[in-house]
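Start from the sequences and build out the full structure, keeping to the hints where you can.
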Amino acid sequence: MTKLSVNNLLGIKHLKIKDIDLIFKTADHFKEVINRPIKKVPSLRDITIANLFFENSTRTRLSFELAEKRLSADIINFSASQSSVKKGESLIDTVNNILSMKVDIIVLRHPNEGAGDFLSKHITAKIINAGDGAHEHPTQALLDSYSIREKLGTVMGKKVVIIGDILHSRVALSNIYALQLQGAEVKICGPTTLIPKFITKLGVEYENNLKKALEWCDVANVLRVQHERMDIKYFPTVREYVQLFGINKDLLNAIDKDIIIMHPGPINRGVEITSDVADSKQSIILNQVENGVAIRMAIIYLLAEQIKR
Amino acid sequence: MAKKTLLNEKEIHIILHRLACQLIENHHDFSNTILIGIQPRGIHLANRLVKILKDEYQIKNINLGKLDITFYRDDFRRRDEPLEASKTDIRFIVDNKKVVFIDDVLFSGRSIRAALTAIQTFGRPKNIELLVLIDRRFSRHLPIQPDYKGRQVDVIMDERVRVAWKENDEKDAVYILNSDNK
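Those protein sequences? They're chains C and R, same order as listed.
Taking this note's numbering, the leading residue of the first sequence gets 4, the next gets one more, and so forth.
Taking this note's numbering, the leading residue of the second sequence gets 199, the next gets one more, and so forth.
Any given hint might turn out to be false.
The calculated lysine to any residue pairs, modelled on SDA-like cross-linking and capped at a C-alpha distance of 20 Å, are [as the list claims (entries may be wrong)]:
1) C:LYS34 x R:GLN318
2) R:LYS264 x C:ASN290
3) C:LYS42 x R:LYS264
4) C:LYS28 x C:GLU208
Simulated restraints on C-beta separations [what the hints assert, rightly or not]:
5) C:ASN256 x R:GLU282: 12 to 22 Å
6) R:SER377 x C:ARG39: 35 to 45 Å
7) R:GLU282 x C:ARG48: 15 to 25 Å
8) R:ARG322 x C:SER60: 36 to 46 Å
9) R:ASN325 x C:ASP261: 26 to 36 Å
10) R:SER377 x C:SER82: 33 to 43 Å
11) C:ILE310 x R:GLU282: 14 to 24 Å
12) R:GLU365 x C:ARG48: 33 to 43 Å
13) R:HIS339 x C:SER75: 16 to 26 Å
14) C:ARG39 x R:LYS369: 36 to 46 Å
The hints are simulated quantities; they were obtained by calculation from the structure and are not laboratory data.
Note that this is a predicted model, so its numbers are computed, not measured.
Where is the CB? At the ideal position from N, CA and C, for every residue including glycine.
Here it is in structure tokens:
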């Protein structure tokens, strides 16, 4: 297969396993490209991409921007904090104004769930969801799976535990879809208050005990505690969270195997993960960041392929 | 189903040896030369030539790389079916080296144009030469000509030249296929 089955990347939920295989295969080539002395290909030189970030982001925005530049696309950046959105402009108006400047692809980060879906029904440009509220963050899930595949050879049959704030996490949902599609087993672990009510309906198991979860898994994907999204107190103190769900070296040493530690960033060092774990050999956190560029190049390239003039 | 054999196994064998000798004439011990097979179909030819140079002319340490040009093509988004990329494998900087591109058939010259752009990402070669097994005459879209050629042929536009290698087909051969069996 050489074509994606979707016209936009709104969520992993819409993808088929063949799409993921194609994205990974293409990303392999781009990973080689970004390790060359000159890290650029001219494929997208007549494509314009708008990065619309209605919510703060550092890593994802930089990663997308770099991916777009390495493909030679023209790019424009937009962040809501410095724009007319503050003056009361609607999402469709903002986007249509940008599209009249002849933009082909939109990378959208938005605080509301389904913003990308909604937009895709009203515009013809390709949309890549770079995170919508607590819904999906497909490129993150793809780069996570890609990093597991790189480290362990395959995702099929691997046991992955996602630890922490599942309730406010778009990374968790996209990861669950992506891992299950590739035949991995998924468990979630975290304080009961931060676990969505019907999450087990997706076929994931909930484990309350961190040590048991770590003993079971091959890979632990540790999520950030999203203080900024918490309108009420979900756990008594950070100290208690650290004691029950923080990963430290002693805990990892107590397990008789070397599990892989992942984190989508940004890390709260000393909260969900200690520095010695984050910087250890077991951690593939920086590989995830490198792979992020290759994965995003692959997705943009494959979607751009569908644009005919 | 019209399929005409242009070159048989024996003819290819002779041509490959001649091309190897021509390379030796210009590149001596190959210490400052890098051979680059153009993906996907130039790889077999490149491997064959390297084998001849090593086994029969005792030339050691030949630098051989593979170059994929998919991301450098000028027909991205203009084809009906998307192209699948292959692996690029160049583990050396080509700065100040003599580079020889190796491909099976030279037709419009557009692949070689893409390869000329692609190789720049690995440095600035001293010079670049082109070796092809089949040179289709009168079909060029660009001012590109081979430095070494196995056989020059005149083939009408609707016909295709296909090079078969025994590594994936049953025997070495070069065929001309007409349009109804593309």
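Taking the hints in turn, this is what the structure says about them:
1. In summary, the hint linking LYS34 (chain C) to GLN318 (chain R) is supported, as the alpha carbons are separated by about 18 Å, within the 20 Å threshold.
2. Taking the CA atoms of LYS264 (chain R) and ASN290 (chain C), the gap is about 26 Å. The hint is violated against a cut of 20 Å.
3. As the CA atoms of LYS42 (chain C) and LYS264 (chain R) are separated by approximately 17 Å, the hinted pair is consistent with the 20 Å bound.
4. Simply put, LYS28 (chain C) and GLU208 (chain C) have alpha-carbon atoms about 30 Å apart, too far for the 20 Å limit, and the pair is violated.
5. Checking the proposed 12 to 22 Å range against ASN256 (chain C) and GLU282 (chain R) shows it is violated: the Cβ atoms sit about 45 Å from each other.
6. Checked against the hint of 35 to 45 Å, the pair SER377 (chain R) and ARG39 (chain C) passes, with Cβ atoms roughly 39 Å apart.
7. GLU282 (chain R) and ARG48 (chain C) have their C-beta atoms about 21 Å apart, which keeps the hinted 15 to 25 Å range intact.
8. ARG322 (chain R) and SER60 (chain C) have their C-beta atoms about 38 Å apart, which keeps the hinted 36 to 46 Å range intact.
9. Checked against the hint of 26 to 36 Å, the pair ASN325 (chain R) and ASP261 (chain C) fails, with Cβ atoms roughly 50 Å apart.
10. For the pair SER377 (chain R) and SER82 (chain C), the beta carbons lie near 54 Å from each other, so the given range of 33 to 43 Å is not met.
11. Hint check: ILE310 (chain C) to GLU282 (chain R), Cβ distance near 18 Å, so the stated range 14 to 24 Å holds.
12. A hinted range of 33 to 43 Å for the beta carbons of GLU365 (chain R) and ARG48 (chain C) is consistent with their spacing of about 36 Å.
13. Between HIS339 (chain R) and SER75 (chain C), the C-beta spacing of about 22 Å keeps the proposed range 16 to 26 Å intact.
14. Between ARG39 (chain C) and LYS369 (chain R) the beta carbons are some 37 Å apart, a value that agrees with the proposed interval 36 to 46 Å.
Violated hints, in rising order: 2, 4, 5, 9, 10; the structure is consistent with all others.
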